[in-house]
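*Asks:* The primary structure of each chain is shown beneath.
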Amino acid sequence: MTTAAIKPLKKAQKQTQKVQRPRNVLIVGVGGQGVIMVSKVLATLCQKQGFEVKQSEVHGMAKRGGAVFSHVRFGETVYSPTIPEGEADVLLALEWAEGMRWMPYLRQQSGTFIADTQHIVPPFACRNRTRGAQSGYVSETIETVMSHVDNSFAMDAMGIAEQLGVVKAANTVLLGALSTALDFDPEAWKSVISMFVPEKTIETNIRAFDAGRDWALGFDRESELRNLTDTHSLQQEGLAEVKVDRSIVEITEEWCKSCDICVKFCPERCLVLNDKLIVEMAEPERCTGCRMCEWLCPDFAIAVRTPDQISQ
Amino acid sequence: MLNKTKAAFEIRDYIREDLFPHFMCPGCGHGIAMRALLWAIHDLNIDKDKLAIVSGIGCSGRVGAYIDANTFHTTHGRPLTFATGLKLARPDLQVIVITGDGDCLAIGGNHLIHACRRNLDITCLMLNNETYGMTGGQVSPTTTRDRYTTTTPEGNYEPVFDACELAQGAGAGFVGREITLQTPSLKSLIQQGIAHPGFSFLEVISDCTEVYGRKNDLGESPQMVLSQKSEFRSDSYGMIADEVFQPRNVKTGVLHKSDRPEYAEAYQQRITDRVKK
Chain W
12 MTTAAIKPLK
22 KAQKQTQKVQ
32 RPRNVLIVGV
42 GGQGVIMVSK
52 VLATLCQKQG
62 FEVKQSEVHG
72 MAKRGGAVFS
82 HVRFGETVYS
92 PTIPEGEADV
102 LLALEWAEGM
112 RWMPYLRQQS
122 GTFIADTQHI
132 VPPFACRNRT
142 RGAQSGYVSE
152 TIETVMSHVD
162 NSFAMDAMGI
172 AEQLGVVKAA
182 NTVLLGALST
192 ALDFDPEAWK
202 SVISMFVPEK
212 TIETNIRAFD
222 AGRDWALGFD
232 RESELRNLTD
242 THSLQQEGLA
252 EVKVDRSIVE
262 ITEEWCKSCD
272 ICVKFCPERC
282 LVLNDKLIVE
292 MAEPERCTGC
302 RMCEWLCPDF
312 AIAVRTPDQI
322 SQ
Chain E
3 MLNKTKAAFE
13 IRDYIREDLF
23 PHFMCPGCGH
33 GIAMRALLWA
43 IHDLNIDKDK
53 LAIVSGIGCS
63 GRVGAYIDAN
73 TFHTTHGRPL
83 TFATGLKLAR
93 PDLQVIVITG
103 DGDCLAIGGN
113 HLIHACRRNL
123 DITCLMLNNE
133 TYGMTGGQVS
143 PTTTRDRYTT
153 TTPEGNYEPV
163 FDACELAQGA
173 GAGFVGREIT
183 LQTPSLKSLI
193 QQGIAHPGFS
203 FLEVISDCTE
213 VYGRKNDLGE
223 SPQMVLSQKS
233 EFRSDSYGMI
243 ADEVFQPRNV
253 KTGVLHKSDR
263 PEYAEAYQQR
273 ITDRVKK
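Heads up: the protein sequence lines correspond to chains W and E, in order. Heads up, the first sequence is in this note's numbering, so the first residue is 12 and it goes up one at a time. Heads up, the second sequence is in this note's numbering, so the first residue is 3 and it goes up one at a time.
This is chain W alone, in the form it adopts within the complex (with noise of 0.2 angstroms):
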């Protein structure tokens, strides 16, 4: 009886195993950038194809500009409908630092990498606000990514879609570059994306498709690499010269009247009141030059000039 019961169930092994796995595609980006249409136009697409399509999605902090990341999985069966880690074959990235955190997700070796390098900077990154600061943002460059992917593309898919005046069409740009590394035909592509676009965006949506396509297609890799290394050895050069540069407060003695209020109010706590209860900067270092101090002086005796102004 044992050895009858278990036959068949080999049998169903073997016969998953000649099916083809299911393809992974994960979407990952930014509140707002149109991560949750990007999924929608995938899933619709894979199921018109006839696929079976799972399709998960987080995005509880997307009105706060924060994570948002959805897993599409299509094929003749998906049984789970998330991606496990490091077996996504196409990882779209709408937002730089999203494409980084969720790299490890990304298939060795065969698995594509698309990401935007539009950087949205988020706000716990900026812990130290004095100008020119160290950011908490990733230091992975392009250049580092490329020459460790082997398929990457990373591409201005914003400036692309400035080019062609739609700033909000980047997301439709990157299906476009999607679209070259999944083998469905750009005509349907371009059928769901109509199906999901305001109808007076239709038009411009499918340019913005064709841009990202044709943009997706035309990369070289190799030149590419070659160039940013370029550019790259070129920026690091500049870099000796930029000072960091403060914003000065300039303080009119004579009008103060000690209120307290730019001490009380300064987010950095730089200003103080001094023997003669008049304001003073006590921590020049720590000023951002933030104006709170200026707005709220109701005797006009601070003035801020932000570097800008002073080199001026």
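FYI, nobody ran anything at the bench for these hints, they're computed from the structure. Accuracy of the hints is not assured; some may be wrong.
With the Cβ distance kept under 10 angstroms, some of the chain E side facing chain W (calculated, not the full set) [unchecked claim]:
{"#": "1", "residue": "Ala10"}
{"#": "2", "residue": "Glu12"}
{"#": "3", "residue": "Pro23"}
{"#": "4", "residue": "Cys27"}
{"#": "5", "residue": "Gly29"}
{"#": "6", "residue": "Trp41"}
{"#": "7", "residue": "Pro143"}
{"#": "8", "residue": "Arg147"}
{"#": "9", "residue": "Arg149"}
{"#": "10", "residue": "Leu168"}
{"#": "11", "residue": "Pro186"}
{"#": "12", "residue": "Ala197"}
{"#": "13", "residue": "Pro199"}
{"#": "14", "residue": "Thr211"}
{"#": "15", "residue": "Gln225"}
{"#": "16", "residue": "Val227"}
Glycine included, every Cβ here is placed at the ideal spot set by N, Cα and C.
Once you've looked at the hints, dock chain E against the given chain W.
*Replies:* For chain E alone, kept in the frame of chain W given last:
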């Protein structure tokens, strides 16, 4: 909002520096309101020779004297009346009225409603500090209930006047309210008010720290300015439970906007029609 090609706002280009430091008490909100007004004027590129500031009597009336433009210090409660004549005679001038809560609502209340009714292209900036600060802190129409003043030793028990509702009801084209704590928002509100063709009534929530604040134990000037944040709410928060915003619970932002015909233009049209006949 700041145009990059334009020179940055420098307050000293717009004030009479020889009169400084000004007479207002330490921490008085009128100074902040004055900065916002001058900032708005700078951003709108208004020529100082084409700018007329009309002010009444009181602490707010003195604000006008420090502005380097055509200024006109008028009688108590009548800045709007003088401004009406000025605007009708010289429609090319940009007329801005600076008035206080007592000046505008109590002594000049009648003039306010008729200025709103005519809908002349004047911007009326009412600096509301809830008291008559210059004369020693008497009760004014906007004094909050149960607050002490020289004339209400047992606490004020008169209902409070909502000046914005009044202006809207009387027909002002543009009505707005903002707190001095939000200086950039205040600036943009004043900017919109000046740009609006028609009568713009703007209530600026200011603080009287030395007289009113001291009598009511409202804290030092920073505390008074900060308390505006909890007592006033931006219009965009409209539907949030009201209990949170007690005790004053007043809306800020642009409260009303309409396209009623502007009076100075209609008046000129009428005159030209008469002459043609």
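*Asks:* Now tell me if each hint is right for this structure.
*Replies:* Hints, one by one, checked against the model:
no., hint, result
1, Ala10, "6 angstroms, holds"
2, Glu12, "8 angstroms, holds"
3, Pro23, "4 angstroms, holds"
4, Cys27, "8 angstroms, holds"
5, Gly29, "3 angstroms, holds"
6, Trp41, "9 angstroms, holds"
7, Pro143, "24 angstroms, violated"
8, Arg147, "27 angstroms, violated"
9, Arg149, "21 angstroms, violated"
10, Leu168, "27 angstroms, violated"
11, Pro186, "7 angstroms, holds"
12, Ala197, "21 angstroms, violated"
13, Pro199, "29 angstroms, violated"
14, Thr211, "7 angstroms, holds"
15, Gln225, "8 angstroms, holds"
16, Val227, "6 angstroms, holds"
Comparing the model with each numbered hint stated earlier shows that hints 7, 8, 9, 10, 12 and 13 do not hold.
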